[in-house]
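Asks: Counted the way my numbering counts, the sequence shown spans residues 1 to 305.
None of these hints come from the bench; they were simulated from the model. Mixed in with the good hints, there may be bad ones.
Derived BS3-like pairs: lysine-lysine, alpha-carbon spacing no greater than 25 Å straight-line [unchecked claim]:
| # | residue 1 | residue 2 |
| --- | --- | --- |
| 1 | LYS31 | LYS60 |
| 2 | LYS28 | LYS118 |
| 3 | LYS118 | LYS31 |
| 4 | LYS234 | LYS213 |
| 5 | LYS31 | LYS293 |
| 6 | LYS66 | LYS28 |
| 7 | LYS45 | LYS28 |
| 8 | LYS28 | LYS60 |
| 9 | LYS234 | LYS293 |
Keep in mind that this is a model prediction, so the values were computed, not measured.
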Amino acid sequence: MTYQQFLTEIQLQIHSLFDTDVTIQLHKIQKNNGVTLDGLTILQKGCNISPTIYLNDYYKEYQAGKSIQNIILHIREIYRAYRPSSSVDVAFFTNFENVRHRILFKLIHYQKNEELLKEIPHFRYLDFAVVFYCLLSSSSQGNATILIRSTHLSYWNISADDLYSYALENTPAQLPADFEPLMPLLNKLMPMPFPADSMEEESETPLYVLTNKARLYGASCILYPNLLDSIADKLTCDFYLIPSSIHEFLILPVLPGTCIQDLNAMIHEVNSTQVEEEEILSDHAYFYSRSEKLLTSMPEERTTI
Numbered sequence: 001m002t003y004q005q006f007l008t009e010i011q012l013q014i015h016s017l018f019d020t021d022v023t024i025q026l027h028k029i030q031k032n033n034g035v036t037l038d039g040l041t042i043l044q045k046g047c048n049i050s051p052t053i054y055l056n057d058y059y060k061e062y063q064a065g066k067s068i069q070n071i072i073l074h075i076r077e078i079y080r081a082y083r084p085s086s087s088v089d090v091a092f093f094t095n096f097e098n099v100r101h102r103i104l105f106k107l108i109h110y111q112k113n114e115e116l117l118k119e120i121p122h123f124r125y126l127d128f129a130v131v132f133y134c135l136l137s138s139s140s141q142g143n144a145t146i147l148i149r150s151t152h153l154s155y156w157n158i159s160a161d162d163l164y165s166y167a168l169e170n171t172p173a174q175l176p177a178d179f180e181p182l183m184p185l186l187n188k189l190m191p192m193p194f195p196a197d198s199m200e201e202e203s204e205t206p207l208y209v210l211t212n213k214a215r216l217y218g219a220s221c222i223l224y225p226n227l228l229d230s231i232a233d234k235l236t237c238d239f240y241l242i243p244s245s246i247h248e249f250l251i252l253p254v255l256p257g258t259c260i261q262d263l264n265a266m267i268h269e270v271n272s273t274q275v276e277e278e279e280i281l282s283d284h285a286y287f288y289s290r291s292e293k294l295l296t297s298m299p300e301e302r303t304t305i
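Hey, can you work out the whole structure from these sequences and the hints?
Replies: Laid out in structure tokens, this is it:
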């Protein structure tokens, strides 16, 4: 079965599970880094919102041997878990006073998103783009966000500078930074603790995680006023920032003889094998100077610090 045949079959079989008051639609969804995904929505009569269920990975599961019926049942479970209980008042979003406290920023890669950036307000920072979104809701089940586009500024009658001012105030307050050693964090998140010898290895090359409490677009914490300076003071040294994803940076204190080529090669490898394409932030490391209070990109030719 080809991918297009798979999409059609999924749509038909999902429709057969529901009554005629439900509309099943397929959409092309533009994601970060130029990635386009196929999303399925199930709209109930009288409700104007629905969770988007992405089908691309389901096709990979089908190719690996999973049956269409099992995929359909899983999609139904996902929908039942996340379906909205009521409609959203569209007028709510058009009134700026309703959303001004929900405006936040995030970081994406500038060059990988040049087409998207033509449609959205943004500011360039190093090789990143600072872009903006509205956080409608956040829970253990997920986050509902809307990417802010240039058309929004028109009917809100505000500028991109205004947008940045609101986001700079809101983001650190609503998504406070979380900076902690990597291994203890992994032990909290994983069902089984790491062995003691792994902890000993980690202490020889200390790695830290910088994100936010919600683990949502946490790489943008580097924009929080004075945060990088306070981290440098805590570590009492300069440090590298390793872009793990759009959700976090890894922090590595500067050690004598560190090879930037090796560090960047590791980032390339992890991005290509471990990180979803739409969640990649950058393919090289960054350097924060404690004395200069300055964040810079790390060029390949700079071998050691």
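Asks: Measure nothing beyond the straight line between the CA atoms of LYS234 and LYS213; if it is 25 Å or shorter, mark the hint as holding.
Replies: Holds, at roughly 19 Å.
Asks: Holds or violated: LYS66 and LYS28, Cα atoms, limit 25 Å.
Replies: holds, 24 Å
Asks: Would you mind confirming whether the straight-line C-alpha gap from LYS28 to LYS60 stays at or under 25 Å?
Replies: This hinted pair holds, its Cα atoms lying about 18 Å apart.
Asks: Straight-line Cα separation of LYS31 and LYS60 no greater than 25 Å?
Replies: At roughly 19 Å apart (the allowed maximum being 25 Å), LYS60 and LYS31 satisfy the hint.
Asks: Straight-line Cα separation of LYS118 and LYS31 no greater than 25 Å?
Replies: Answer holds: LYS118 to LYS31 is near 14 Å, not above 25 Å.
Asks: Checking one constraint from the list: CA of LYS234 to CA of LYS293, max 25 Å. Satisfied?
Replies: Holds, at about 14 Å.
Asks: For the pair supplied as a hint, LYS45 and LYS28, is the alpha-carbon distance within the 25 Å limit?
Replies: holds, 22 Å
Asks: Does LYS293 sit within 25 Å of LYS31, going by the straight-line distance between their CA atoms?
Replies: Roughly 33 Å between the alpha carbons, so the hint for LYS31 and LYS293 is violated.
Asks: Holds or violated: LYS28 with LYS118, Cα cutoff 25 Å?
Replies: Distance of about 19 Å is within 25 Å: holds.
Against the hints set out earlier in the document, a violation occurs for number 5 only.
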